[in-house]
Every structure is written in C-alpha cells, then in structure tokens.
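Asks: What follows is each chain in one-letter form.
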Amino acid sequence: MKMVWIIVRKEWEEVLRSAIVLFTMLFTPLIFVVTGVGSVVATQAAGAEVGNSKDADEILKLTGDLCTGLAPSDCIGAYMATLMLLLFMMLPVLLPTVFASYSVVGEKTSRTLEPLLATPITTAELLVGKIVAAVVPAVGATWLGVGVYYAAIAIFAPTLLGAILAPAWLAAVFVLGPLLAVASVDFAVVISSKVTDPRTAQQLSGVVVLPLVLALVGQSLGLFLVNGTLVGIACLACLLLDVALTWMAVELFDREQILTRWK
Amino acid sequence: MIETRRLSRRFGGLLAVDRLDIEVKRGECLGFLGPNGAGKTTTVRMLCGLLAPSSGGAVVAGFDVVADAQEVRRRVGLLTETPGMYDRLSARRNLSLFAALHGVSDIDARVQKYLEMLDLWDRRDDPVGSFSKGMRQKLAIGRALIHEPPILFLDEPTSGLDPEAARRIRTLIGELKAAGRTLFVCTHNLTEAEQLCDRVALFRSRLLAVDTPPGLRERTYGREVEIRLQGATDAHVALLQALPFAPEVARSGDRLVVRTRDPDTNNPILIQTLVSAGARVQYVTEIQQSLERIYLEILGNPS
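If you're matching them up, the sequences are chains A and B in order. Once you know that position 243 of the first sequence is 269 in the working numbering, the rest is easy, because the numbers rise by one and skip nothing. Once you know that position 258 of the second sequence is 262 in the working numbering, the rest is easy, because the numbers rise by one and skip nothing.
Certain hints may be false.
Taking lysine to aspartate or glutamate and the EDC-like style, the derived pairs with C-alpha atoms no more than 16 Å apart in a straight line are [what the hints assert, rightly or not]:
#1 K137/B to E85/B
#2 K220/A to E151/A
#3 K134/A to D223/A
#4 K137/B to E152/B
#5 K134/A to D91/B
#6 K134/A to E85/B
A few chain A residues facing chain B, derived, Cβ under 7 Å [what the hints assert, rightly or not]:
#7 K36
#8 R43
#9 E140
#10 P141
#11 L143
#12 A144
Since the hints were derived computationally from the structure, they do not count as laboratory data. Because the structure is a prediction, the values reported are computed rather than measured. Idealized CB from N, CA, C, for every residue including glycine.
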C-alpha cells in the first residue's frame with residue numbers, strides 16, 4: 027500500500043499541474059451544476075403550466091413511480107432533475123480519461139516509465155496507483171458536483187428533492203459512479219498504451235461515455251426511465267466490465283510490454 | 005558482482021543478445037562498447053531485472069535477475085539512455101520520489117546530500133523542465149544513486165552533452181569509481197571508456213572481446229615500438245630482423261616500427277644493436293594504438 031500511495035501522491039502532484047487537466051477537473055462539474063440546476067428550475071416553471079393542462083394525466087402515467095406523491099406540476103421538474111443526474115453520471119467517465127491519458131501517455135513521452143520500473147515497485151502497485159490517482163479526484167469531483175446540485179435543488183426546488191434522493195439514484199451516484207470511473211481509467215490505460223499523444227488518448231477513451239449518452243437520449247425520448255432495476259443491472263454489467271478491462275490493463279501494463287512494445 | 009551465463013534475448017526473429025558470458029568484479033568499472041542496435045540497452049535491462057532473458061541467466065549482487073528481480077532492482081542504480089525526469093516537479097521532488105520508492109529512511113537528508121554533490125542544491129525547488137540537458141543528466145545520475153546502490157548501470161552517460169557538461173559527468177563517474185562502486189558503463193565514447201574503465205567489452209549481439217585497454221591493444225596489434233633514426237636505411241631493418249627473437253620491422257623514412265612478443269626484454273637489445281652498428285637514435289617510443297582503431301578493427305573483423 028505504501029508504494030501505491032507514493033505513486034498516487036506523485037500522480038496528483040505531476041498531472042494536476044497540467045493546466046488542461048486541472049481546468050477539466052474543476053470546471054466540468056461546475057458547468058454540469060449550472061446546466062443541471064438551470065434546466066430543472068426552468069423546467070419546473072414550465073411544469074406549472076403543463077400540470078394544469080389536459081396532458082397532466084398522460085405525464086403522470088409515463089413517469090410511473092418517479093412522480094408518486096408529487097403534484098402534476100412538479101412531475102416534469104422531477105423528471106428533468108433525474109435526467110440531469112444522468113448527465114452527472116458522465117463525470118466519473120469523462121474526468122478519469124483526461125487524468126489517465128495525461129498520466130500514462132505523459133510517462134511514455136517523457137520516458138519516465140523505465141526509471142520508475144527500475145525501482146522495487148511492482149507493476150501491479152504502479153497500475154493500482156495510477157488507477158486510484160485518476161479515480162479518486164474524478165469520483166470526488168462527481169460527488170462534490172452532485173452535492174452542490176442537491177443543495178441547489180433543496181434551495182430552488184425543494185419539492186423535487188425526494189425524486190433525486192431515491193435509493194436508485196443514490197446507488198447510481200455512489201456505487202455505479204465509482205464503477206464507471208474504474209472502467210473509464212482501465213479503458214484509458216489500454217488506449218494510452220497504443221498512442222503517443224494525450225489528446226488522442228483522451229478522445230479515443232471518450233468512446234466509453236457512449237452508453238451513458240444513449241441512456242440520456244433514451245430517457246429524454248421517454249423510451250425508458252432509470253429505476254432501481256436498471257441501476258442494479260448497470261452496476262453488475264459495469265463490475266464485469268471493470269474485471270475484464272482491469273485484466274486487459276494488467277496484461278498491457280507489464281514491464282516487458284512497456285519496455286518493448288509501447289511506442 | 006555481475007556474472008552472466010550464456011545470457012540471451014530474442015525479440016521475435018531478432019537475436020539481440022547472444023550467449024553473453026561476462027563477469028564484473030566488485031569495484032570494477034566495465035565499459036560496454038558497441039554500435040547502435042548492438043543490444044547494449046537490452047543487456048542492461050536484463051541485468052537490472054527489467055527484461056527476462058530468453059535463455060541463459062545472470063546473477064547481480066548475488067541475486068538471480070529473473071527469480072529475484074525485485075531484489076536486484078533494490079541493489080542497482082540505472083541511468084537510462086534518456087534522463088526521463090518529471091518536468092513539472094522540482095529537482096528535490098524528483099529525487100525524493102525515487103528515494104521513497106527505494107525505501108530510503110531519511111529522505112530529506114539523502115536528497116540534500118546528492119543535490120549538493122551534483123551542484124544542484126541552489127536549483128532544488130525549480131521545476132526540472134527548466135533545467136539544461138547537462139543538469140538533467142546530473143539529476144538523473146543523482147536519481148540512480150539516491151538509494152546508494154553498490155552497482156550502477158550507466159547507459160550513455162555523456163551522450164548529447166556539450167564538452168564541459170560531459171567532462172563534469174566524467175569527473176563524477178570517476179569519483180563514484182574511486183568510492184568503490186561497481187560500474188557498468190555503456191558508451192560510444194571510446195576516450196571516455198579508456199579514461200574511466202578498468203576493462204572494456206566490445207559487443208555486437210555477442211561478446212567480441214573483453215580486456216583492459218592495453219590488453220586489447222596487445223591482443224589486436226601486439227606491442228609496437230617506434231624508433232626514429234637519423235638516416236634510417238634498409239640495412240638497419242635487416243640488422244634488427246636478424247636478431248634471434250625475429251621482430252617484425254617496417255621502415256617509413258627515418259622511422260622504424262618494430263613489433264615483438266616481449267618488448268620489455270627485447271627493446272633494450274634492439275637499441276643496443278642499432279647503436280653498436282653506428283645508428284644515431286633520435287628517440288624511442290611505444291606506439292599506443294587508439295581504442296577507436298581497436299574498436300573498428302574488432303567490430304569490422306569480429307573473427
């Protein structure tokens with residue numbers, strides 16, 4: 027664990043000094059918070075009119091459990107509040123790819139991996155250190171962003187708080203989020219082993235966000251609503267993905283591979 | 005301290021290192037010479053426990069490079085071909101990171117010791133990205149030394165440096181050698197190898213020769229002495245060739261080049277013979293073939 031912590035500290039000191047990484051880690055959650063809160067408040071205001079319209083019953087039927095106990099006028103606001111939480115779920119996917127891309131590709135381009143590998147550290151410790159270093163700030167930034175979002179909703183739209191504090195969404199934020207972050211870092215490590223430019227690695231690693239974009243679009247179009255069952259399935263699938271991608275990353279993150287195959 | 009047994013490494017169809025047998029004793033400095041792509045870096049990587057041999061093996065500091073690779077890495081310092089420093093971190097932080105990875109107990113004091121030794125203490129808090137190439141190379145040597153390993157592998161330590169920086173690095177390596185460290189130096193710089201190394205190994209995928217620089221000269225060219233006479237003639241050549249130990253003699257103007265098996269014994273006889281015959285000897289000197297010539301001769305004609 028000591029070696030892992032040494033690597034984590036080094037990663038934070040080194041990578042977070044990159045203006046691009048720091049900007050992305052700080053401002054992306056902020057942008058999400060502003061977008062989320064603004065969308066919810068605006069939608070709720072519009073919802074007051076919709077709630078009094080003839081479509082109110084139809085909306086209540088479509089949103090199912092989401093609107094239990096809510097007035098029809100709040101229902102569309104609750105719908106938007108959860109949709110924005112889905113947007114927040116992109117943070118633990120996007121942020122680690124930025125960090126990990128700069129971390130791994132940075133080591134390759136500055137040729138710092140060989141001296142590092144010549145120390146008594148094991149490649150597993152090195153890889154775990156890099157994963158932890160990328161996952162922790164990303165998950166931390168996500169939770170901080172979600173926390174601010176919750177606080178803003180509590181202030182500006184308190185009646186919607188129940189919808190976003192539902193167990194399914196709490197599980198999504200606190201369980202699925204870290205699992206997504208691990209998958210994202212593993213994927214970035216796999217991609218980074220093949221490229222020599224951090225931005226290329228970051229862009230290619232961004233592919234991992236596609237399932238979330240599809241979920242966002244699906245819920246926006248009313249194709250489905252994220253609920254406990256869906257979050258449970260997503261957690262299980264993500265766990266399996268984590269295992270598979272970590273195995274791939276471990277295979278690639280091997281002294282021999284790094285020194286002889288990584289270009 | 006270092007012993008290899010038929011150490012080999014293959015990359016697909018390429019045999020990078022072929023049955024290397026070599027031994028480096030404690031406190032010895034071995035120059036490992038060969039052209040680009042000869043397999044020098046691969047050899048160093050195997051000896052540092054970074055790459056596994058395809059066959060054969062090696063023992064470094066008493067540990068097998070495959071079975072005890074981690075123990076080997078604890079006991080060796082590696083200066084890689086490119087310094088590879090963390091540019092955004094300070095010099096002090098670069099060294100303290102590696103000190104921590106090697107489990108050094110008093111990190112601050114150790115880092116200060118090496119930064120002062122390398123004349124980098126005044127720049128300790130500057131990001132390494134602002135350092136010159138020579139400063140980075142010195143810092144990389146500091147990184148290789150920070151855990152005070154008994155064995156140092158230096159891969160092209162002065163490559164790409166200006167003469168002044170290269171001289172400083174050579175001085176530093178000389179001090180390390182004087183301090184009793186075992187050094188394995190890969191270099192293209194033959195003058196450097198001759199100045200620093202007790203023995204040199206000529207290598208191109210396989211070991212072509214290993215000896216002290218004078219030993220290599222003798223093996224390749226024998227020992228030659230140049231005798232300059234006032235008015236040398238072919239009669240002087242014939243006079244020397246008639247001697248019982250039958251030296252090889254060549255004349256070029258007033259210059260005679262004589263090669264014998266035992267010059268320490270035979271040279272006084274040569275001079276006495278010439279003087280007795282009335283020759284006027286201007287000077288006598290042993291010819292020192294350059295290591296470069298030996299290198300090119302052996303690599304050009306490995307047999």
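Asks: Hints first: check each against the structure and report whether it holds.
Replies: Now the hints, each set against the structure:
1. K137/B to E85/B: Satisfied, since the Cα-Cα distance of roughly 13 Å is no more than 16 Å.
2. K220/A to E151/A: violated, 21 Å
3. K134/A to D223/A: holds, 9 Å
4. K137/B to E152/B: violated, 23 Å
5. K134/A to D91/B: holds, 13 Å
6. K134/A to E85/B: holds, 14 Å
7. K36: holds, 5 Å
8. R43: holds, 4 Å
9. E140: At 5 Å from the nearest chain B Cβ, E140/A passes the 7 Å test, so the hint holds.
10. P141: holds, 5 Å
11. L143: Check passed: Cβ of L143/A comes within 6 Å of chain B, closer than 7 Å.
12. A144: Given a least distance of 4 Å, the restraint on A144/A holds.
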